[in-house]
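Chemist: As a plain string of letters, each chain reads:
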Amino acid sequence: MQTTYAVQARDLTKDYDAVRAVDHLTFDVNQGEIFGFLGPNGAGKTTTIKMLTGQLRPTEGQATVLGHDTIDARDELQARIGVVFEYQNLYERLTGRDNLRFAARLHGVAARRVDQMLEVLSLTQHAEKRVKHYSNGMKQRLLIGRALLHSPDLLFLDEPTRGLDPNVARDIRAFVRDLSKNGVTVFLTTHYMEEADRLSDRVAILQQGQIRAIGTPQQLKKTYGGSDQATLEDVFVSLTGKGLRAQFEE
Amino acid sequence: MASHTPRKDYRLVLAIALKDIGETLRNKNVLALVITTVLVTVLYRYLPLIRASQELPYVAIYDAGDSQLVPLLENSAVVEARAYTSEERMLDRIRSGDLAELGITVPEGFDDDLNNGRSAALTAYALHWVADEDLTDLVQIAEGEIAIQLGVFVPIQVSDLRVFPSPDSGGMAVTLAMSLVYTVLMIGMMTTPQMMLEEKQTRTLDALLVSPASEIHVTLGKALAGLFYALLGGAVGWAFFAHVVVHWWLAAAATLVWALFAVALGLVLGTLLEVRQQLSLWGWVVIIPILLPMMLYLLEDVMPDIVGRIAGWVPSSVVLDLVRAAAARPLTTADWAIPLVAAGAYATVAITVQIIVMRRRAR
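Taken in sequence, the protein lines are chains B and W. Just so we're aligned: the first sequence equals residues 10 to 259 in my numbering. Just so we're aligned: the second sequence equals residues 8 to 370 in my numbering.
Just so you know, not all the hints are guaranteed correct.
Quick list of the computed label-pair ranges, beta carbon to beta carbon [as the list claims (entries may be wrong)]:
id, chain 1, residue 1, chain 2, residue 2, range
1, W, Trp-256, B, Arg-171, 55 to 65 Å
2, W, Leu-306, B, Gly-51, 33 to 43 Å
3, W, Leu-56, B, Arg-139, 33 to 43 Å
4, W, Leu-288, B, Arg-139, 28 to 38 Å
5, B, Thr-13, W, Gly-29, 51 to 61 Å
6, W, Val-360, B, Arg-171, 37 to 47 Å
In case anyone wonders, no lab produced these hints; they're calculated from the structure. The beta-carbon is built from N, C-alpha and C at its ideal position, and this holds for glycine as well.
Pulled out of the complex, with its shape left as it was, chain W reads as follows (with noise of 0.2 Å):
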């Protein structure tokens, strides 16, 4: 006689849900830990302003002629200027920056054009996130430079075009990524089993067991509180780099796959330990293993071409391609869609290893 329908495991999975939610609120080890984790988020986004405030503006500058203006800015004691080869190069530095900066080009002919009396302009380009006011204050200091450095006025004309980050790009997208990864996981991972460690140790898991609720029950139950705060964690994260956001759709993709894995790894150590002080130790031997691949897929330049492959495959550098992906533009569907599949993957396998685990401590 099967009495469990989906309405009433429904209700179950709520109920466990719902309490763990409430008591993790009232829990001062598992609040300090979303805190704590929260206030990383805080300290990437806010970091690049604390050194923005100790440099000098950014301004990168390609030259389509020869003029004269170029080693005069990178000599400016206002300004830090840097020539760049191509347009595309300029833009491609304008792209991973994560301060308002400026990109100036200068026109072939600039020179001759100030020689003869004629009315000459410089085109600059700016990240999309740079806030207009942000974007006005660079664009008088840069002309206030040029007019000190050359004698005469060059008005700086914004271009329309604003410059969006590349799937590849470094700068913001990246401290958001690794921001990101970090908060969800750490939230989902640590929290998770700490709810499952409560129950085992103070014993009121034994209640649990012996009321309808089944272990699929509790377990579910502790998954849904601990996506939930991880994807709490996670939004937080969204709320503070929401000016870089270009695809909102992607990032909450990005947010709920990584999340499930987080939870999922959190659900295994939850299962397989049986007193919190274990997770001070085991969460950290867990986690740095899937933290390190991703600084090391950053470093990918000046690491082995085989260690930069596979550093780029493991479930972190996975998901921070997802999250970069989320705030470029133009954007392929091979740019998202492989990322978001080897993420869903690899949250597949971890949820499949939970499944696993829960089946053979049943036996």
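In isolation and in its complexed conformation, chain B is listed as follows (with noise of 0.2 Å):
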């Protein structure tokens, strides 16, 4: 199916118990673009990206991602998106080869594809090693290369340069404005606001459950950074500052 958005989500919604998580979130993805997806902890960016990748089910609204439901065509939507989670989650006892061997069998992707893979990822002389004796570096760099392997259309990256050494998060965020320019939609949340700001064609600033703004880093910085030389860390703390204020203050 084509479209215009990668991603639309309306009135998504995710409610824990008696906690909202997400609170009627409205927006769209367009196709191709690297769309950033800022906010602090516990503003509810990983509950989204869930929801929008089929892990979660929204209690209220709903999404299409590449024009697939995220709840009705889940098998449709899965073979067309890639995931890197915040965290390392590989097979630590098995080597990299093996681990992008995996992600490609449960593909069905062609095994010479994951040697293209390791050597896109520069990680071809460190094939044989078990994961476990990666740096974390490496590490990532595999985590995106699983996430590849299978050419999805729209990636989704959760803080893909946490913790990583400067080089290595230079080289991660080049790697990805190529992706970009390749056609490849990205979803990117980050707490790195300069590397959010270098990076996104959109923002959107996420607070409580509830998107407090959207747009190109330079309409929010104009908007909302109070002056010409405001940075986007500026108009992060104006819009999510206040609002812990205001918590505060309750």
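Dock chain one against chain two, each of which comes alone in its own frame, and use the hints as you go.
Modeler: Following this line, the structure appears as structure tokens:
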């Protein structure tokens, strides 16, 4: 199904018992763009990703990803998305190659694609090492490789550079940019405002399960930053800090 | 739009199972569990032999007349002899042996024949699995001792008809059954949840669930891998006791249904529990009530009748009977069909419980 939107969320809501983690989110992500999804801890970012990737059923509302309903068309959806989690969930006892080979089998991807991906990730010479002996950066590259093995149209990246040294983080950012140039839509969450500013075509800022602002980094800086010199971090603090202060005062 | 075809389902389940089988080989905890359990089988197999080295050879005697040989042998310092009141009782004792033992029938008029200088001979019986060389050794010891006691050599002719255990015999058939019940249960019920909990704790399960694999594929993949190791453990057990087995088809059927039961219970534990530490506790909470009644069933002669009857119908006892039947001859249909149906029913119940648990968790 052809659509100009990679993601369409309508009144997306998730309750955990009495707690509302995500509160009537409505937003679109254009195909091919890098969409920064920002918010403080507990704002509902990961819950939103879980709903968009079909891992969680929304309490209310609905979402379509690449034209597929996230609940009714889960199988079609999984074939077209890749997810890099905020934690390094690899099979540590297996080698890098075996991790990718397993993902390839799940997706029905030819084995030669594993070798190509190891090459792209510059992991070929470490392919036979067990993942537990990998550095953080190598693991992160492998995670990205696993998510891209089946050539998804949309990649969810949850904190892809957290805890990485600056050089590796820079490589990964360059990699993400290349993906976008090749038409892959990227749904990115990050705590690094500078990273979001540099990478994202558009940004949404989430606070207490609700979107406080959405637009290009330039638009947000202009509207919420208060000055021409404002950074995305200033915008973030002004939007989410107020909320926190208000909460504290309450 | 249904995109899952049987071929795709098969591919997903097989991919997960193969990954788990390979990963388990590198998991020291699970591997230690499998090896320890298999070592218990080895212990079961060779413990009687250790005992044998410290005991006198056993000779069961049935005296059809009133021979002086019986009291002489009962007081022997070379063999441990015991007289039985009928040939069938003597053979029952031989059927329940777990070592190479001899059953001797002393014919009526044996003493008269000896006293009158007529040739006399004794007939001996042994279990079908006793090796020829062991049997020859036993016969030579018995012949030597009889010659010393009677002052004359009396040949012992071994019957061509070897003795087979009956479906309710004790001895090596029970040792085999206990070993198999324990090995398959431990491996199936503990390895399977280990694989599931590993996925949960390392959060690789999240990655699986955003792949084309669903929770059902993951569960079936784990079940297949658990089944592989449970059946492997069973196969090792059977290999050590291969000499005892008479009906291999029944041995295979018993192992399969018991492995299915064990794996299904393992899946339930793996679904309900969250961390491996919980398994150390809850695994035993489940295993002990399964194995304990089997012990009570084996002690039914000294148990109140009702306890023995109830204990005889718990899953482990049913499989115990099935395994014993695999080592028995003659075998009636009732001897294997009833326990096989019961074991199959228990496996079906365990699988159903797992399906219910999974559905409730999915809501």
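Chemist: Okay, which hints does this one fail, numbers in order?
Modeler: 2, 5
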